[in-house]
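Student: Sequences are here, hints too, so could you generate the full structure?
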Amino acid sequence: MQARDIAVQVPTVTLEDSVATAVRVMALGRLPGLIVVDGQRRPRLVLPGTQVLRMAVPRAYQDDPALARAVDEAHADLFWEELNGLTVGDCVVRGVGRLTSVRPDATLLEVAALMARLRSPLVAVVEDHALLGAVTLDRLVGSLALAGPPGE
Amino acid sequence: MTGILALSLFVVAISFIATEKVDKVKVVLVTAGIMIVLGLAPGSEVFFSEHEGIDWNVIFLLLGMMIIVGIVKQTGIFDYLAIWAAKRSQGRPYRLMVMLMAITAIASPFLDNVTTIMLVVPVTVVVCKRLGIPAQPYIIAEVLASNIGGASTLIGDPPNIIIGSRAGLSFNDFLVHMTPIVVITFVAFVLLTRVMFRKSFQYNPERAAEIMALQERRAITDTKLLFRCLTVLALVILAFSLHSVLHLEPSIVALVGAGVMLLVTKADVHDVLEEVEWPTLVFFAGLFVMVAGLANTGVIETAGSWAIETFSDSPLAAATSLLFGSAVLGAFFDNIPYTATMAPIVEEVVAQMPDADTGQALWWAFALGADFGGNGTAIAASANVVALGIAAQTGQRISFWEFTRYGIIVTVLSTLMAWVYVYLRYFT
Numbered sequence: 001m002q003a004r005d006i007a008v009q010v011p012t013v014t015l016e017d018s019v020a021t022a023v024r025v026m027a028l029g030r031l032p033g034l035i036v037v038d039g040q041r042r043p044r045l046v047l048p049g050t051q052v053l054r055m056a057v058p059r060a061y062q063d064d065p066a067l068a069r070a071v072d073e074a075h076a077d078l079f080w081e082e083l084n085g086l087t088v089g090d091c092v093v094r095g096v097g098r099l100t101s102v103r104p105d106a107t108l109l110e111v112a113a114l115m116a117r118l119r120s121p122l123v124a125v126v127e128d129h130a131l132l133g134a135v136t137l138d139r140l141v142g143s144l145a146l147a148g149p150p151g152e
Numbered sequence: 001m002t003g004i005l006a007l008s009l010f011v012v013a014i015s016f017i018a019t020e021k022v023d024k025v026k027v028v029l030v031t032a033g034i035m036i037v038l039g040l041a042p043g044s045e046v047f048f049s050e051h052e053g054i055d056w057n058v059i060f061l062l063l064g065m066m067i068i069v070g071i072v073k074q075t076g077i078f079d080y081l082a083i084w085a086a087k088r089s090q091g092r093p094y095r096l097m098v099m100l101m102a103i104t105a106i107a108s109p110f111l112d113n114v115t116t117i118m119l120v121v122p123v124t125v126v127v128c129k130r131l132g133i134p135a136q137p138y139i140i141a142e143v144l145a146s147n148i149g150g151a152s153t154l155i156g157d158p159p160n161i162i163i164g165s166r167a168g169l170s171f172n173d174f175l176v177h178m179t180p181i182v183v184i185t186f187v188a189f190v191l192l193t194r195v196m197f198r199k200s201f202q203y204n205p206e207r208a209a210e211i212m213a214l215q216e217r218r219a220i221t222d223t224k225l226l227f228r229c230l231t232v233l234a235l236v237i238l239a240f241s242l243h244s245v246l247h248l249e250p251s252i253v254a255l256v257g258a259g260v261m262l263l264v265t266k267a268d269v270h271d272v273l274e275e276v277e278w279p280t281l282v283f284f285a286g287l288f289v290m291v292a293g294l295a296n297t298g299v300i301e302t303a304g305s306w307a308i309e310t311f312s313d314s315p316l317a318a319a320t321s322l323l324f325g326s327a328v329l330g331a332f333f334d335n336i337p338y339t340a341t342m343a344p345i346v347e348e349v350v351a352q353m354p355d356a357d358t359g360q361a362l363w364w365a366f367a368l369g370a371d372f373g374g375n376g377t378a379i380a381a382s383a384n385v386v387a388l389g390i391a392a393q394t395g396q397r398i399s400f401w402e403f404t405r406y407g408i409i410v411t412v413l414s415t416l417m418a419w420v421y422v423y424l425r426y427f428t
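Chain order of the listed sequences is A and B.
Residue 130 in UniProt numbering sits at position 130 of the first sequence, with consecutive numbering throughout.
Residue 80 in UniProt numbering sits at position 80 of the second sequence, with consecutive numbering throughout.
Hints listed in this document are in silico derivations from the structure and should not be mistaken for laboratory results.
Think of the CB as a built atom: it goes at the ideal place given N, C-alpha and C, for glycine as much as any other residue.
Hints may contain errors.
To be verified - Between beta-carbon pairs, the in silico distance windows are:
#	chain 1	residue 1	chain 2	residue 2	range
1	A	Arg42	B	Trp84	45 to 55 Å
2	A	Asp38	B	Thr179	52 to 62 Å
3	A	Arg117	B	Ala18	33 to 43 Å
4	B	Leu273	A	Thr107	51 to 61 Å
Tutor: Here you go:
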């Protein structure tokens, strides 16, 4: 099997979208991450779910776990409100994410190796700079299990 | 000819650093490399000559303290203290500002200013948001307090580390000569903030209850770790102050302290080493090579001779020029490269002074000017740049001029007070 065989269509976000929108898109689509595209729908980068979270959690709490502990439960649930209109583009400048992609003819081994190496549960399938779809970790593992040796 | 070439390279590099158009570490490494390749800096001597090459005392003192601070900050003590202060202030803005400034000024002499700011500013933003007041005045006040407080010890501010190493001044020398004026200046600064930020002090009693919900006790999860860290830190400071008995260089004390801290806290070495600001250490090394290039080609000697000719008859004029000149130049350039460049020139002038005490007075004038100049503008010290960065990330943007208009006032006040102190203590 090749990447094109197991690729699925996924919703994307742009650099201009707010981080809150990005989180919402990921949550509603039940995605393990997000693909960020430019105005021409060309993929710019792939953000694993944890990196989307990294954009959403105020930096101060990430750098200082003691400060996060000191916030009471009621306010802790509302940390989203501190995003202050931050966009995906603002966070990309700070070095979050990279373009994790394969060609449509990549084998499942290539996709699996890339996911493992870059710790990304989402890989964009790209041809001639155009986004054809994405391979998710679920989809890859499912396909590998189905293609596994009989009797196991 | 080589002197002109070295000076030209140096000036170009400093202008790149000042304008921040290129990463400053890249700038010093490239310039240092060019100076060595062209034979302007003294080849392999840059690694082995303390005064005409890389000053490893400075670099290893910084490394040791960065490791110590990297472990101490994991204890959550700063978050605890800042929230405790906020609660004690009961949300009254000026009281809150004074308490936060006091915490910053007391921590700065023992931890580096950048770390202190990185620990105090985020919790300040949280507290101010709860109180529904802008955090900018508090952040600016903390940075200014940090630069003032850091001036009081050998390890409190990078210019002091450079000056201490070059002049052979001990931790106690700094305590005896710098701490009195720093305390006086800080008190004056606290009073000044009442006027400077008067429009920001709006008390909102309904919001004050919000900060009482913060749980400062949860910030400290490991009291044993905290106790061990504070004990080792206290021993390190004690060892600094026992220099005349132990005869250990500050860098050795810091490195041994860092090792002991790693042992007793069982901190993960790799995690702790990630806290070390390696680019800063490399920046220092490159900077020392650049200054070695100036020394090797006679630029420092020429500048020193000119300074001696101009000021040898009047040590007070020399001290005055050093103090005000350093404050002005230190305000517009990063005060670290400024101090590294000027230190060998000051050393030449000090050597020509009629007695050792007068010579030492020049070092104190130099240190006070460079340290207090760090408050002058938003780019004058690393702590200022870091604070503005954190403020922007938290949506509390502070512009260059917003910081600088307060910084200039504080720099003028503190420098004038420092001059009066130097004059009264060393020249009457």
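Student: Against each hint, give a clear statement of whether it holds in the structure.
Tutor: Structure-based check of all given hints:
{"no.": "1", "hint": "A:Arg42 x B:Trp84: 45 to 55 Å", "result": "52 Å, holds"}
{"no.": "2", "hint": "A:Asp38 x B:Thr179: 52 to 62 Å", "result": "57 Å, holds"}
{"no.": "3", "hint": "A:Arg117 x B:Ala18: 33 to 43 Å", "result": "41 Å, holds"}
{"no.": "4", "hint": "B:Leu273 x A:Thr107: 51 to 61 Å", "result": "39 Å, violated"}
Hint compliance for this structure: hint 4 alone is broken.
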